[in-house]
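Colleague: Residue numbers (the working numbering), protein chains in the order written: chain A, 10 to 127; chain B, 2 to 113.
Read the hints as simulated data drawn from the structure, not as lab findings. Since the structure is predicted, the reported quantities are computational estimates derived from the model, not experimental observations. Ideal Cβ positions, reconstructed from N, Cα and C, are used throughout, including at glycine. Mixed in with the good hints there might be a few duds.
What the hints assert, rightly or not - With a cut-off of at most 30 Å between alpha-carbon atoms, the simulated DSSO-like pairs for lysine-lysine come out as follows:
1. A:Lys71 to B:Lys57
2. A:Lys20 to B:Lys108
3. A:Lys53 to A:Lys87
4. A:Lys53 to B:Lys78
5. A:Lys53 to B:Lys69
6. B:Lys57 to A:Lys24
7. B:Lys53 to A:Lys53
8. A:Lys80 to A:Lys53
9. A:Lys53 to B:Lys57
10. A:Lys71 to A:Lys92
11. A:Lys53 to A:Lys71
12. A:Lys20 to B:Lys100
13. B:Lys53 to B:Lys78
14. A:Lys24 to A:Lys71
15. B:Lys57 to B:Lys108
16. A:Lys92 to B:Lys61
17. A:Lys53 to A:Lys24
18. A:Lys87 to A:Lys71
19. B:Lys100 to A:Lys92
20. B:Lys53 to B:Lys100
21. B:Lys108 to A:Lys53
22. A:Lys87 to B:Lys100
23. A:Lys92 to A:Lys20
24. A:Lys53 to B:Lys100
25. B:Lys61 to B:Lys78
26. B:Lys61 to A:Lys80
Stated by the list, open to error - Partial list, computed: chain B residues near chain A (C-beta under 10 Å):
27. Val5
28. Phe19
29. Gly42
30. Glu43
31. Lys50
32. Phe90
33. Tyr98
34. Lys100
35. Phe103
Unchecked claim - Far from chain B, by Cβ distances over 12 Å, these chain A residues were calculated:
36. Lys20
37. Arg25
38. Gln26
The chain contents come next:
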Amino acid sequence: EAGVAQSPRYKIIEKRQSVAFWCNPISGHATLYWYQQILGQGPKLLIQFQNNGVVDDSQLPKDRFSAERLKGVDSTLKIQPAKLEDSAVYLCASSLPVGLFSGANVLTFGAGSRLTVL
Amino acid sequence: GNSVTQMEGPVTLSEEAFLTINCTYTATGYPSLFWYVQYPGEGLQLLLKATKADDKGSNKGFEATYRKETTSFHLEKGSVQVSDSAVYFCALSSGGYQKVTFGTGTKLQVIP
Chain A
10 EAGVAQSPRY KIIEKRQSVA FWCNPISGHA TLYWYQQILG QGPKLLIQFQ NNGVVDDSQL
70 PKDRFSAERL KGVDSTLKIQ PAKLEDSAVY LCASSLPVGL FSGANVLTFG AGSRLTVL
Chain B
2 GNSVTQMEGP VTLSEEAFLT INCTYTATGY PSLFWYVQYP GEGLQLLLKA TKADDKGSNK
62 GFEATYRKET TSFHLEKGSV QVSDSAVYFC ALSSGGYQKV TFGTGTKLQV IP
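One chain only, chain B, in its complex shape (with noise of 0.2 Å):
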């Protein structure tokens, strides 16, 4: 079945640095990718996207792309900043009904 790897965490990070998360994924077919966020108290919610390989999404200074070869889904940030502090999913949909698979999440504490 499909199945997300992701880089446990927590991951904690000075305000300004470098984030990766890493992600890795096995699926039938040709999934999309997707990286979810929760900040604290408040729902999932969408980040970025990629359909198909070497699709790059992006959004909020957030990059990530679809690498088929390496089946991986990385997220990047080259500045983190405190507001970014929440738990990050990667996730895949594939299949007739698109059915999406999440990772475990990685917490990401950026302290200033």
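Okay, chain A solo, but in the shape it has when bound (with noise of 0.2 Å):
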């Protein structure tokens, strides 16, 4: 089956520009993660999707980052300004839906995408 796929796998910009991130999920996927991988640091995540739905963005900085999910399969994520701190990779994951009773919650993850901000 085919994987996540991101694009781009490689940005730079200058601070206080915008950028944008894509996602395709694994089809038949419903939930749908970004997570923000700053380097020598674990994966944090950003925003969870189930179908179109969000669950959680409790750790978005929602005065500059922005995620959307129409129809609930792909995904974009979007940072306007972006500051200096936002260097990182930005990892997109996918899994079967979530919830109390659905078993253990096992990731794929795309190859990420490294944003540079200068």
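Two chains, each in its own frame: build the complex with the hints.
Modeller: Given below as structure tokens:
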């Protein structure tokens, strides 16, 4: 089966500019995640969608970050305006639907989009 | 909130040495526990998992046992290979929507 697709793989922008990342999950995976991975740190969850609804965005800096998942399939993460501290790899992942009785939540990750803010 | 603490790296071992990477967690309820691995130039991928106390996850010669009494999920391998060089992440999922929380990662380098 095709994996999680992300683009672009690399992006360099100047601070205060905007950037958008795109993700297409595995077919049939209702749950989609965006993680931020700063160099030397573990991935931090920014937002979790189930179908096209948001179930967790508690760590998303909403003054500058936004994400949408129209039609419950692919998703876009936007940063506007970017700051130096946004330099990171943005990971998209997907999984089967999750819930109280869904069992262990196994994520499949894309290759990531590396952002450098100058 | 939930959290995962891993031993800091990098860990450097000779080929065929025994590996242990420590992981402890804090979580409400009954989390599932995971080890993910990131090989150089590749994305994160699941290595193994355990869903309840005393479960042992295993894959590719790696093992980890879910220890509820010590809130630990240490990763072990009896004889590492150069190809095991990677960054290893301990993680847990819990809550109604099974939010996944990761540790900071431990880099393993295996030298011939």
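Colleague: Next pair to validate is Lys71 (chain A) with Lys92 (chain A); report whether the Cα-Cα distance is within 30 Å.
Modeller: 14 Å, holds
Colleague: Holds or violated: Lys53 (chain A) and Lys69 (chain B), Cα atoms, limit 30 Å.
Modeller: 24 Å, holds
Colleague: Next item in the hint list is Lys50 (chain B). Is there a CB on chain A closer than 10 Å to its CB?
Modeller: OK, holds: Lys50 (chain B) within 10 Å of chain A, min 5 Å.
Colleague: Keeping to a limit of 30 Å between CA atoms, is the pair of Lys20 (chain A) and Lys108 (chain B) held or broken?
Modeller: With Cα atoms ~25 Å apart, Lys20 (chain A) and Lys108 (chain B) stay inside 30 Å; holds.
Colleague: At 12 Å, judged by beta carbons, does Lys20 (chain A) keep clear of chain B as stated?
Modeller: Lys20 (chain A) is indeed farther than 12 Å from all Cβ atoms of chain B, at 17 Å.
Colleague: Lys61 (chain B) and Lys80 (chain A) were given as a pair; does the straight-line alpha-carbon distance stay at or below 30 Å?
Modeller: Between Lys61 (chain B) and Lys80 (chain A) the Cα gap is close to 38 Å, so the pair fails against 30 Å, i.e. violated.
Colleague: For the restraint on Phe90 (chain B), tell me whether the closest CB of chain A is nearer than 10 Å.
Modeller: 6 Å, holds
Colleague: Hey, Lys20 (chain A) versus Lys100 (chain B), does the alpha-carbon distance stay inside 30 Å?
Modeller: Since the Cα atoms of Lys20 (chain A) and Lys100 (chain B) sit roughly 28 Å apart, the hinted pair holds (cutoff 30 Å).
Colleague: Beyond 12 Å from every chain B Cβ: check whether that's true for Arg25 (chain A).
Modeller: 30 Å, holds
Colleague: Regarding the pair Lys80 (chain A) and Lys53 (chain A), is the alpha-carbon distance no greater than 30 Å?
Modeller: 25 Å, holds
Colleague: Within a Cα-Cα threshold of 30 Å, do Lys87 (chain A) and Lys71 (chain A) meet the stated pairing?
Modeller: 10 Å, holds
Colleague: Taking only the CA atoms, is the gap from Lys53 (chain A) to Lys100 (chain B) under or equal to 30 Å?
Modeller: This hinted pair holds, its Cα atoms lying about 11 Å apart.
Checked against the numbered hints listed earlier, the structure breaks hints 1, 6, 16, 26, 28; every other hint is satisfied.
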